[in-house]
Amino acid sequence: MLDLTYQTPKPKVIAGAKHDWELVIGMEVHAQVASKSKLFSGASTLFGAEPNSNVAFVDAGMPGMLPVINDFCVAQAVRTGLGLKAAINLRSAFDRKNYFYPDLPQGYQISQLYHPIVGEGEVLVEMGDGTARIVRIERIHLEQDAGKSIHDMDPALSFVDLNRTGVALMEIVSRPDIRGPEEAAAYVAKLRQIMLYLGTCDGNMQNGNLRADVNVSVCRPGAYERYQETQDFSHLGTRCEIKNMNSLRFIQAAIDYEARRQIAILEAGGTIDQETRLYDPDKGETRSMRSKEEAHDYRYFPDPDLLPLEIEQAWVDEIAANLPELPDAKKARFIGDYGLSDYDASVLTADLDAAQYFEVVVAEAGDGKMAANWVINELFGRLKKDEADITASPVSPAQLAGVIRLIKSGDISGKIAKDLFEIVYTEGGDPAQIVEARGMKQVTDTGAIEAAVDQIIAENPAHVEKAKQNPKLAGWFVGQVMKATGGKANPATVNELVTAKLGL
Amino acid sequence: MSIDRATAAKVAKLARIRVDEADLPALADDFNAILGFIEQLQELDVSDVEPMVSVTPMRLPRREDVVSDGDQQKAVLANAPDAREGFFAVPKVVE
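Chain order of the listed sequences is A and B.
First residue of the first sequence? That's 1 in the working numbering, and the numbers climb one at a time after it.
First residue of the second sequence? That's 1 in the working numbering, and the numbers climb one at a time after it.
Heads up, a few of these hints could be off.
Derived SDA-like pairs: lysine to any residue, alpha-carbon spacing no greater than 25 angstroms straight-line [said to hold, decoys possible]:
#, chain 1, residue 1, chain 2, residue 2
1, A, K408, A, E459
2, A, K97, B, E50
3, B, K92, A, G487
4, A, K330, A, K384
So, partial list: chain B residues that the calculated Cβ filter (under 10 angstroms) puts toward chain A [what the hints assert, rightly or not]:
#, residue
5, L60
6, E64
7, D65
8, A83
9, R84
10, F87
11, K92
Derived from the structure by calculation, the hints contain no laboratory data.
By construction, the Cβ of each residue, glycine as well, lies at the ideal position given by its N, Cα and C atoms.
Bound conformation, chain A alone:
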């Protein structure tokens, strides 16, 4: 695998009224495991079902009901851990996190505080400008999701739906290695991309299947470096945690607002209270969730209903052996094998469907750079116009490869190829047959082109004189010849002939 090296991005600096400030961000990303049934019950995880229809008595916290763990969810956590180059703990355990809330009927959430299933890993977060940050992962643990409360159906009541209660979540905890709002969004996007490649989470942020808690603090330039040297958190500022964000745009806006809020307090001589805050996208601000303060005493203890989770190294090895090629490796391979630019490789590997599409095109057309250009510029551009997804592309990879092969063989010019692409896109059909049937073939017969060149020169003596003074005007003749041949003349041949005949 080609080793790609990146510069470390500069931390975001916010100028306060008195001096500069830097941001320090750590994140807890909650990713719903893409399983059919819940972590500890056989109820369905399907989104959008009738309220309280995907609920087993275990989820409803009925007395005497016992949790039984879903093997698939354990495997997905391991898979995700391996995808983040993390240590897998063969022995982990479940703890109860105790608090009362209407959407948590058990009165506790089953989580893994003391012995998570996945230990330390890392994620490479590219910023798209040749820089990338390595964000360290502290841990991933398995836990239950809570239910959903709806507050706007009745003025005096909240309505509770337990369908999501007990669905398996992977909580991915990062170290405070993220240094700006854009990095935070890029980090979540990268985790999402990796999990989509792995198939462990569907990444649907709108449905809340992927959401993030963001810890934000600010410090003076230089303080973060002292923290890095010593791992002593006292060099960093007091952090606030912004809860439950399910949009990359909101994450950035919330971090920016929160950092400025903290800077204003500190510069006015105040201190930051460590607290949980909520982002209000309508107002564009964060506010304190005071009710959470007392609840912070979670009184964790090992869940007596669940034995420790023991897995075998051989099982982990088997999962590791079946991991798909991950984004970083695929991107490096695209750059190394097909000679793509970093940018093109990033665009093509951003989405697994796009990457697969591209690979079929290359396999059939042979030319990596050309295939990348056509997929990114023509196909993506055209699909975007129709707001269509690559999976719904009317042009199959084989058809696009056909168009590219016709350019490479010299049968059609690049310009005609665009017309051909549009025909294939809107009408379908085999590109080679279309070219044949509609007479789109490029004329490479020098005799025919020569005749056209001669005719244009003969008809335009004034232009000939001008061109002899200024050779740049030869382009006009090329254009005229192309026009006369209906765009089918080989532009290179026309160029050569025009230059020769004008004696330039």
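Position chain B relative to chain A; hints supplied.
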């Protein structure tokens, strides 16, 4: 460690158990007696002993990922003091 009345009141509140003010001192005393036993246990050196998590030589049973439960909205809501349109209806809780 010693539990005072205020701590006893806090523990009761976290557990959502209503305790009369007059009962708090006795409750605090009970806590202290229990913690006393535990302090006694802590005199033992167990640094070489694996924590015991179960008395049965059993491993955590795991199940396959199949939907085998649910679809019982009526039964789930049967004990709810108030339920409307398939939801539990509770006094308004809003952040």
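For the hint on B/A83, just tell me whether its beta-carbon gets within less than 10 angstroms of chain A. holds (8 angstroms)
With 10 angstroms as the cut and Cβ atoms as the points, is B/F87 at the interface with chain A? holds (4 angstroms)
Could you grab the alpha-carbon distance between A/K97 and B/E50 and see if it respects the 25 angstroms cut-off? holds (23 angstroms)
Satisfaction of hint between A/E459 and A/K408, Cα-Cα up to 25 angstroms: Between A/K408 and A/E459 the Cα gap is close to 34 angstroms, so the pair fails against 25 angstroms, i.e. violated.
Hint B/L60 vs chain A: min CB-CB distance below 10 angstroms? holds (4 angstroms)
When you check the alpha-carbon spacing of B/K92 and A/G487, does it fall within 25 angstroms? Cα-Cα ~71 angstroms, so violated.
Holds or violated: B/D65 as interface residue toward chain A, Cβ cutoff 10 angstroms? holds (3 angstroms)
The hint names B/R84 as touching chain A; please verify it with the least Cβ-Cβ distance against 10 angstroms. With Cβ-Cβ at 7 angstroms, under 10 angstroms, it holds.
Per the CB criterion, is B/K92 less than 10 angstroms away from chain A? This hint holds: B/K92 lies near chain A, its Cβ roughly 5 angstroms from the closest one there, short of 10 angstroms.
Per the CB criterion, is B/E64 less than 10 angstroms away from chain A? holds (6 angstroms)
Check the hint pairing A/K330 with A/K384 against an upper bound of 25 angstroms on the C-alpha distance. Given pair A/K330, A/K384 holds - Cα atoms ~24 angstroms apart, limit 25 angstroms.
Taken one by one, the earlier hints fail for this structure at numbers 1 and 3, listed in ascending order.
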